[in-house]
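S.K.: The listed protein sequences correspond, in order, to chains A and B. Heads up: the first sequence begins at 1 in the UniProt record's numbering, then just goes up one per residue. Heads up: the second sequence begins at 1 in the UniProt record's numbering, then just goes up one per residue.
Just to be clear, a hint being listed does not mean it is correct.
Which bits of chain A does chain B cover? Going by a derived footprint, with three or more residues having C-beta under 8 Å, they are [to be verified]:
#1 22–34
#2 61–73
To give a feel for the contact side, a few chain B residues facing chain A, derived at Cβ under 10 Å [unchecked claim]:
#3 Val267
#4 Arg268
#5 Leu307
#6 Pro376
#7 Tyr379
#8 Gly595
#9 Leu920
#10 Val921
#11 Val1141
With the Cβ distance kept under 7 Å, some of the chain B side facing chain A (calculated, not the full set) [what the hints assert, rightly or not]:
#12 Arg197
#13 Val202
#14 Gly266
#15 Gly303
#16 Arg344
#17 His346
#18 Lys882
In short, the hints are calculated from the structure, not lab data. No residue lacks a Cβ here, since even glycine has one placed at the ideal position from N, Cα and C.
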Amino acid sequence: MATSTLTIGLIRADVADALGEDVEDIPVDENLVDYGLDSVRIMALLERWRRDHGVEATFVDLAEQPAVEAWAPLLGVTA
Amino acid sequence: MTAVLEPATEPPAEQAVRLPLTAAQSGMWFAQALDPESPAQNTAECIEIHGPVDPRLFAQALHRVAGEADALRVRLVETADGPRQLPLALGPVHGGTVDENAVRFPFKAHDLRGLDDPDGTARARMGADLAVPFDLAAGPLFQHALYRVADERWLWFQRVHHAVMDGFGYSLLARRTAEAYTALAAGEEPGPSPFGRLTDLVAEDTAYRTSEAYETDRAHWNAAFADRPEAVNLAGRTALPSRTFHRRTAHIGTELSAQVKELAAGVRATWPEVLIAAQALYLSRATHSEEVVLGLPMMGRMGSAALRIPGMVMNVLPLRLTVAPQATFAELTRQVVLGIRAARKHQRYRYEEIRRDLGLLGEGRALVGPLVNVMPFDYGLTFAGAPTEAHNLSAGPVDDLTVNIYDRADGGGLRIDYDGNPALYEESELGVHQRRFLELLARIAATDPHAALAGHGICTSTERALVLDEFNATARDVPPTTLIGPIEAQAARTPDAPALVFGDTTLTYAELNARANRLAWHLASLGVRPGALAAVAVPRSLDLVVTLLAVVKAGGAYLPLDPDYPADRLAYMVEDARPAVVVADTAARVPAGVGVPAVVLDELDTSGQLGINPPRPLTPQHPAYVIYTSGSTGRPKGVVVPHGAIDNRLRWMQAEYPLGPGDRVLQKTPSGFDVSVWEFFWALRVGATIVMAEPGGHKDPAYLARTIREQAVTTCHFVPSMLQVFLAEPGAAECTGLRRVFCSGEALPRETVQEFGRTLPEVELHNLYGPTEAAVDVTYYPCDTRPGVAGPVPIGKPVWNTRLYVLDAALQPCPPGVPGELHLAGAQLATEYLGRPALTASRFVADPYGPAGSRMYRTGDLARWTEHGEIEYLGRTDHQVKLRGLRIELGEIETELAACEGVTGACVLVREDRPGDQRLVGYVTAPAGIDTEAVRDRLARTLPDYMVPGAVVVLDDFPLSPNGKLDRKALPAPAQAATGTGRAPRDPREETLTRLFAEVLGLDRLSVDDGFFDLGGTSLLAARLVRRIRDTLGIELAIGALFQAPTPAALAAQLDSGLGNDEVLRTLLPLRTTGHRTPLFVFHPAGGISWCYAGLLSRLDPDQPVYGLQARGLLGLEAGAELPASMEEMAADYVIRLRSVQPHGPYRLLGWSVGGVLAHTVAVLLREAGEEVELLSLLDAYPSDQWQDQAVPAEADALTALLRMAGYERTDELTRDDVLATLHREGSALAGLSDTTLGAVVEIVINNAHLMRAHRHRRFDGDVLFFTAAAPRPEDWLTPDAWRPYVGGTLSEHTVDCLHPQLTQAPHLDQIADVLSRRLKELDR
């Protein structure tokens, strides 16, 4: 099954959706925990990205560095 | 196969490592240290594996994982530096140890397939294992077992101490174990360990605790909880942690789970947040609190190395929420989302530290209510392809209630466990809460999240039907009559029956009816008609009943003006109510300047009026009476009660407690209190008789007991506090003609019910409840007065045509057991507050559960249903208080206080600084020097006396809580009035009374002129005092006497057994003249005064009379009067004296010091006269032989004797004045002696010393009971054995460890009285 590649923009949009915030308010370099990101939301994002984008990263990988920039390589974003 | 595994041993370098515990671990370690035998810190889970498992490979996988997880493989020891964790070496995988420093690998496999119930057996074994505490210092702190329960089904059980593992850690361990087993099963070497190291965990913790973030976090939590909110819980109380917990497991099905997740998505939240919001809603409604604090366990690993470390990291954070009925579920959920977001930023700060910072630890207070523990981690593990399900068995200690929610791996919805502390919750209660919560969740999921929360209640549908309908099935057809119609009908039926008794006068039904009719015609001519009011200012009398009947007969409603109220208040009531007339007994009682026509009974001749019933177009909707109650805004308000309401009430009462012609109802309640309404009218409707108490009589229990007895009263009412006072009255037990007693007006304590059962076992006691706004009473409860019945006394079930609703803040019904505000609906509601439409509309609101257009009354009372449909009263929801049955709005008093000159701020509290003693205290801010007595006088002009604070405290500022609200709890207790500085007692009676006053008031000492009520005495304390006086002095005293004579001096003067100043110095001192036992005669010591024996009174049986013998001449040695010339002469005189009280034996004699010698001499004389002497007791008295060589004392020694009589050894008192000062300071009555008497005492002492030395003892042929003051003394030659030659019987000696003068002081007197009482009791047999 063909899956699309994630981009920084898509990640920010999905995170904004999970947090109930506007996408403009989601920074790429800040700790997302301070914005309300929690384990349940990471799990939900991960589930979505696995399904839609074939992501292979684990929960622990994402939870360890909860920031968009740090996630990019783990989520297969090509710079 | 074992070859693939290395023994799990540590590199040598690490063996020496002693790591400190992290803060998270310390919390758990400390909890275990508090109760080392407790298994509460055990956590456990069971993973069910469906498929083939090789137990040997499984063991190897576990062994490997345990080796990799160094945070798990430790033991915890206490060192001088605090607890430390030490690595633990594990023995080989299959038993035995290779190294004596290694511990056995804790794993066992069991094949249970051969058993009847393999699953049950496995569960039982897991349960048994879970009950075993770990030894932290020994380790290991984990334990594994593998049960084979079917060919292809295995249960992997693991138990770990919470100090080394948390829920997320379990998931890491399980995942790695599955991975390792799967690899081993495939014959492969598992990959490298994914785990981080314990040292990283400790390092991270240490770094945090020295970081800036730590300080920021601390500041955050301290600020967020600075006001220390009460953390409500479902149990309504807290308890110490238990060693176990109850668990109820339920499941949220796939459909509801999906709905919840959909709802969550719709409000941009996660499903755990929705569950937390729903739990907050449930808790808020179940506890009747708008604010709740939930505890949220957090995994605490986001952005941390701990994500890869199986260890103990989790934290519990408080989430504070406000659940307002008008908010929506979406808004509540948003509050949860934002609250958690804010908390998460500070999530590393420990729960234990927040509690400590807030000072909650010392007070044993909780920071949070229930915990909501959501574990979204679906393991979904496979063991070499075999699927699994994980089941948590214990999530750690349960302080209160923990709701654990698990997302199930199989897509089968959510599992929801209610774990409860068994000290707080029965298992069945957990089930009830769980069921209600799940029904609530289902309703939430099916409701628009943007609708107000007010639409949700927490009752299940069954409970809702129960509390709204079944408990309220009170419908009863009653004819549409009025208050008066049935009375006139009864008068026609039994004209000659006695209707009303007051003192010696009795009116028949015909007489009463005619008198009332004549006045009614007159009143009607003045405009008293249906819908009009007539104020009645008549004290309790025949005329009061005649007037009330006349008003109602004329069709009017009566407005009682209690003559005991202040004139200003009565004038206000008349001006507010605008009655057509004021009827008063005398012109003086008509409130001045109100411009309302007055009818003065003293001046009225109604003989020209008709004696027949007047006509009136009266309907049940017309008002029957208007009673004023305290108003929170400072103005009393008139409650208008219609005829239909009170008629329903009286019809119900007659059906429930049928009164007949032989019944006599006591009317003692003041007319301004609505209980009086049934006292006035019930009996007259059914042919019974009213007995009127005299004005003021309702406060005097002795009078009431006498009246009940003499007037053959069968039915009466008490407010509970007055019932307590009444039961303390000795005459109460003789009121056996009573058939039933009603209580209402305030909470009825169980102890009072039991006391009632002891005093009047054959009489019924009924507890009723109702506000003035609902025609006297709306609930009733027959009390079980037998001993052994415990628990609160309910107010009971609804009366006829009455519905009770216990509603939560959203006006939704509360299920049984859940507190809410009591609302009343039905036939008995008042019409309105007179002339106050806005107030009426706010208290009488639409009844959402009754017929269209019906109303309900908000009582402001907090209550709950029992499972049996009875209501329990719990208190008030506002600042209204009930003090001795009287309803008081503190706001009304505060308004009056604030209006006083100079007062800038006011607050009033009910304090209970002495147990069981409630009183009003006012607090004001005012310039220094304000006269608080003037403030109280000012209040007394407008407020009834029960509303005037007993004390007014002046403050510079009111104490405020951190959020700026008045902190009522921080208001100081009023300083005790300066006491004990006035006059000292002048005689033993005053001394005894002063001591009893001080004892009952809880004061160290007071003067004889201190007023009982000024020092905080209340009528309850007064009852206690009267009882103590009775037991001590044998004097029956009415409580009323205490109101008239409130100081020890005044009371002593009033005690008419006539101990005047002179009498107490006569030869015979009647210390206690009452009692049926043989009197005890006590003989004065050297100084000639016997007051020193007063202390015996309270220590001996109240039935034991006591008389003192005192020296002649204390009142002054008139010319020619001589002191006795010998001991024998003195004794002979005393024999005559005591024979005037008790002509013949057997006699009981006691003497201290010289008094002992006298007692002995008197005993000899009595025996010679042929009398029996059954008791001769000597207190540290020694025969004259022992004194003969001693020098005769001078005045100085007389002063010593004087001090000794008061119980003190002389120290540095040089002069007579010094001695008097000491006596005064110590509150001795001897301080009040006149100069004449003091002079006489000196003479007497010296004379007695001479006589003692000259005395020749003779032999007494009986026994002697001797008390020795055994403390070392200079006169070490004194010995009771010196009595041997003079005692024919046995000399039994009791030693008391004190000096000679201290013998008559507590506690030594206790010891003497103890022995003496026993001896007296033997003699009585």
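S.K.: Does each hint fit the structure? Answer for all of them.
M.R.: We went through each hint and held it up to the structure:
Counting residues of the segment 22–34 of chain A whose C-beta lies closer than 8 Å to any C-beta of chain B gives 3; at least three are required, and the coverage claim holds. Counting residues of the segment 61–73 of chain A whose C-beta sits closer than 8 Å to any C-beta of chain B gives 4, which meets the bar of three, so the coverage hint holds. Satisfaction of the interface hint for valine 267 (chain B) is found here, the shortest Cβ-Cβ separation to chain A being roughly 8 Å, below the 10 Å cut-off. With its C-beta approaching chain A no nearer than about 3 Å, arginine 268 (chain B) sits inside the 10 Å limit, and its interface hint holds.
For leucine 307 (chain B), the interface hint holds, since its Cβ comes within 10 Å of a Cβ in chain A; the closest pair sits about 5 Å apart. This hint holds: proline 376 (chain B) has a C-beta 5 Å from the nearest C-beta of chain A, less than the 10 Å allowed. About 12 Å separates the beta-carbon of tyrosine 379 (chain B) from the nearest beta-carbon of chain A, more than 10 Å, and the hint is not met. Proximity of glycine 595 (chain B) to chain A is violated relative to the hint, the smallest CB-CB distance being about 68 Å (cut-off 10 Å).
A distance limit of 10 Å between C-beta atoms decides the matter here; for leucine 920 (chain B) the minimum to chain A is near 51 Å, and the interface restraint is violated. Look at valine 921 (chain B): its Cβ only gets to about 49 Å from chain A, farther than 10 Å, so that hint breaks. At its closest, the beta carbon of valine 1141 (chain B) sits 91 Å from a beta carbon of chain A; the interface hint therefore is violated under the 10 Å criterion. Proximity of arginine 197 (chain B) to chain A is violated relative to the hint, the smallest CB-CB distance being about 15 Å (cut-off 7 Å).
With a least beta-carbon distance of about 18 Å to chain A, the hint placing valine 202 (chain B) at the interface is violated under the 7 Å criterion. The criterion of a C-beta within 7 Å of any C-beta in chain A is not met by glycine 266 (chain B), whose closest approach is roughly 11 Å, and the hint is violated. Here the hint on glycine 303 (chain B) is kept, as its CB sits about 5 Å from the closest CB of chain A, short of 7 Å. Given hint, arginine 344 (chain B) at the interface with chain A, holds; its Cβ is 6 Å from that chain's nearest Cβ, closer than 7 Å.
With a cut of 7 Å, the hint placing histidine 346 (chain B) at the interface with chain A is violated, because the nearest CB-to-CB distance is about 10 Å. For the restraint placing lysine 882 (chain B) at the interface with chain A, the shortest Cβ-Cβ distance is roughly 49 Å, beyond the 7 Å limit, so the hint is violated.
In this structure, the hints that do not hold are numbers 7, 8, 9, 10, 11, 12, 13, 14, 17, 18, in rising order.
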